[in-house]
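There are 2 protein chains.
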Amino acid sequence: MDAKPLDGIRVLDLTQIYQGPYATFLMAMAGAEIVKVEPPGGERMRQGVGDKTSLAFAMLNSNKKSLTLDLKNPRGKEILKSMAKEADVLVENFAAGTMDRLGLGYAVLREINPRLIYASGTGYGLSGPDRDMLAMDHTIQAAAGLMSITGETGGPPARAGGTPCDIMGGVHLYAGVLQALLGRQATGRGTLVETAMVETMYFTLTSDLSAFHRTGELPERRGDKSPANIAPYSRFRCKDGWIALICVSEAQWERILTVIGREDLIGNPDYGTREDRHAHEKEINGMIETWCRDLPRDEAYAIMRENRVPVAPIRTLADVRADPHMHERGMLQWANHPDMGDIVLPSAPIRLSSYATEDVRFFPGIGADNADVLREWLDMNDAEIEDLAAGKVI
Amino acid sequence: MDAKPLDGIRVLDLTQIYQGPYATFLMAMAGAEIVKVEPPGGERMRQGVGDKTSLAFAMLNSNKKSLTLDLKNPRGKEILKSMAKEADVLVENFAAGTMDRLGLGYAVLREINPRLIYASGTGYGLSGPDRDMLAMDHTIQAAAGLMSITGETGGPPARAGGTPCDIMGGVHLYAGVLQALLGRQATGRGTLVETAMVETMYFTLTSDLSAFHRTGELPERRGDKSPANIAPYSRFRCKDGWIALICVSEAQWERILTVIGREDLIGNPDYGTREDRHAHEKEINGMIETWCRDLPRDEAYAIMRENRVPVAPIRTLADVRADPHMHERGMLQWANHPDMGDIVLPSAPIRLSSYATEDVRFFPGIGADNADVLREWLDMNDAEIEDLAAGKVI
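Residue numbers (the numbering used here), protein chains in the order written: chain U, 71 to 464; chain S, 71 to 464.
Hints are not guaranteed to be accurate.
Repeated chains share a single entry, so a pair holds when one copy, or any two copies, can fit it.
With a straight-line Cα cutoff of 25 Å, these simulated DMTMM-like cross-link-like pairs (lysine to aspartate or glutamate) come out [said to hold, decoys possible]:
1. K142 <-> E320
2. K142 <-> D364
3. K295 <-> D389
4. K462 <-> D310
5. K295 <-> D202
6. K309 <-> E222
7. K462 <-> E222
8. K295 <-> D368
No wet-lab data here; the hints were simulated from the structure.
Here chain U stands alone, though its shape is the one from the complex (with noise of 0.2 Å):
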C-alpha cells in the first residue's frame, strides 16, 4: 500500500458547523494533518442540547488535532499567521469578509507565504449582490430553487431532507483545495479558492431545469417523482412501509406486471410505450399498491430486486445507521465513544484502491493538541506554551 495522496499536506482548519468542517474531514481521511483551530470555549457544534457533544460534531471532525487560539487577541493573530507560513492549506467558512476584518485575510497571509491555499466556504460566494446575506443550509435550499421543487402537488414547497447544501458545499470546497494542489505543482503557488454553496446545488436541479426548458412550464411539484414522462416511477405503500420504483425499460415494464400477477397485460397496445405507460400512470400505479399494500417492506422489495426492477427500500435513519453494505465496505463503523456511547461514525465515501485507507478515530477534546501542534508547528517551549494558556491566548 502507498503512502496516502495527501501524507505531508497542513491544513489550519478554522472551519464550523458542517460545510467547512466536511471539507476538512474528507482531507483528513486523505492523509492529511488537520489542526482544527478552535475558540477556546470550542467549537459552538461540540455542544449538542445540555453538555452531550452532538453526534454531528462526532462525524465531521473524526481524525483532526484540536488548538485553541483566540483570533481577537493580538497574540492570538500572530499565532495564527506563524502557523499559516507553515501551512499548504489554510480552510474557513465564515461570513464573506469575517477574516479580512481580523487582519487574517487571504490578501494579509499570502504575503506571509505565497504556497498558501486559502479556502473559502460561503452560502453567496465573495462577490456578487448577495454576498453579504447571512445563510444557512435552509435559506440557500430556498435560494437555490430546491425548495420550489420539493413537496407534494398542490402543496406548500418543501425542504429536502438533511443539509444537502453544506455537504454539497463542502465537497465542492474539498475539490477546489485538490485542484489548487495540483496547480501549485506546476506554479510554486498558492491561491485563493472559492465555493458558494448556492452555486454548488445548480446541477441537482438539471432534470427539473431541462423539463421547463422542453415545455416552457414551471413543473408541477411531485412528491413521488422528478419530472419525466415515466411510469412506473413512484414510491409505494406497503404493509409497514415503502419501496421506491422506476421502469425504464420494456424489460424492466414486462417483469414487474410478471411479479405483481398481471402478466395478461404483456404486449397491450396501451402500454406499448412509455409514453402509453405514463398516460396510465394512476392505473399502473394503483396495480402495483394492490400488490405490495399487504406486504412487508422487504418482502416487496426483495421480490422486485429479484427480478431485475430498480427499487429499494425507504429505509429510515436506524435502517440506515445499521445499513449491513456500508457497514461492510467500512463506510460505516459502530464505534463506543467514553461519552457518548455507541455510535456510528462514518468514514470518506471516496476509494482509492492502491492507498491505504485511515482508520476513523474520535474527534479530539477542546485544545487537546495544543502543546504538540505549537511544538511541531512552530518549535514552541513548554514555558512558552504556558504563558500562552495563562494569557487566555489558546
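Following the hints, complete the assembly by docking chain S onto the known chain U.
Leaving out everything else, chain S in the frame of chain U:
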C-alpha cells in the same frame, strides 16, 4: 494568470446520464482534455423528448470532445485500449462489472498503463451485498434515507427535488480522481477510484442522525425545517410566493419582532430563550405569517434582509435560472444554441483566483472530434479513420 490546474491531463470519458458526466464536466472546467466516448448512436441523454437535445445533456457536456466508438466491436475495444495507454484518467459510471464483461476493466487496463487512474461511479459501489442492485437517483434517495426525512408531517415519505444523489456522487468521484492525481505524483502509479452514490449521501443526514442519537426517536418528518429546537424556522406564505427564514440569535429575534411590529414582545419571558420560542413555535410562526401574507414575496424578503435576518425567497426555477447574483459572478450565462435556442449554461461552482477561468463551450456533436482525436492520440491517418467509419467502429 496561470495555466489551468488540469492542463495536459487526458481523460477518457465513458460516462453517461448525470453522475459521471458531472465529474468529467468539472475536470473539463479545470483544464483537462475530455474525450467523451459514445456509442455510434450517441449517449442516450442526447435524446430529449422528441428530437430536441435535452438541456440536461447540454449542461453536463460543455467543453468536452466527442469520439464515437463501438465498445462491443473487437476493433473498438482495441482502440479503447490504445487510448487507455495514452490517457491519465478513465471515468465510467456503468453498472458494476460492465467494463469487466467488455474485457475493458481496470485489471486489463492497468496492465496496459500502470499510470492510469480508473474511476468508477456506481450506485452502491464495487463490493458489498447491494453491489449489483440497479440504481438511479430515485432509488438511491430511498436507500440512503433521504426520502424518509423528506415530506410533510403525517404524509408519505417524499423525494427531494432534482437529482441530488447523482450530483453528490459525481462531485465525490471528481474529488477522488484529483486525490489520485496528487498521489500519482509521489508514487508514479495510478489506482482504482471508487465512489458509491448511496455512501456520498450519508453526511447530508448529519443533523437528523444527530437528533436521532440524542433522543432515541426517529425525528418526525417536517416539510418546513430540519429537526432542531429552533423557532422561528420555517417557510412563510406571502401574497405571491414564499420566503424561508430561520432565527439563530437573540439579536435576530428582536429584529424580527421589530420588523413584524411586535416590539411589545421584546424581553417577554415567554420567548426569552431558544427553548421558550420553540415551545411557542406555532404562535410565533403565525405572527410572522400574519405580517407577510399580504406582502409580495420580494418585499417581505427585502425587509427581513435589510434587518439582517437569515432569510431567502423560495425561488422558482425561472428565478434561479435568471438569478442576477449567479449571472454577475459568471456561474450562469445565457447562450444561443442553433438548435436549442436561448439556454442558460452553468460554469463549474469552484473558483481559483489565480487561474484563468475556462469559457463555457457548447457540447460537441456526435463524433464531432473523431478524426482529430484519433490523429492526435493514436497518430492515425485519414485512410485508417475512413476505414473505421466504413466498418461502423466509430
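Here's how the hints hold up against the structure:
In this assembly of identical chains, the alpha carbons of K142 and E320 lie at most 25 Å apart only when taken from different copies (22 Å versus 65 Å within one copy). For a Cα distance limit of 25 Å, the shortest separation of K142 from D364 qualifies neither inside one copy, at 63 Å, nor across copies, at 44 Å. For the homomeric pair K295 and D389, the shortest alpha-carbon distances inside one copy (22 Å) and between copies (22 Å) are both at most 25 Å. With identical chains, the CA atoms of K462 and D310 are never at most 25 Å apart, being 56 Å at best within one copy and 52 Å at best between copies.
In the homo-oligomer, the alpha carbons of K295 and D202 lie at most 25 Å apart only across protomers (23 Å), although the nearest pairing inside one protomer, at 35 Å, exceeds that limit. For the identical chains of this complex, K309 and E222 are neighbours both inside a copy (22 Å) and across copies (20 Å), given an alpha-carbon limit of 25 Å. Neither within a single protomer nor between protomers do K462 and E222 lie at most 25 Å apart by alpha-carbon distance, with minima of 53 Å and 48 Å respectively. Taking the shortest Cα distances, K295 and D368 sit within 25 Å of each other inside one copy (21 Å), while across copies they are farther apart (29 Å).
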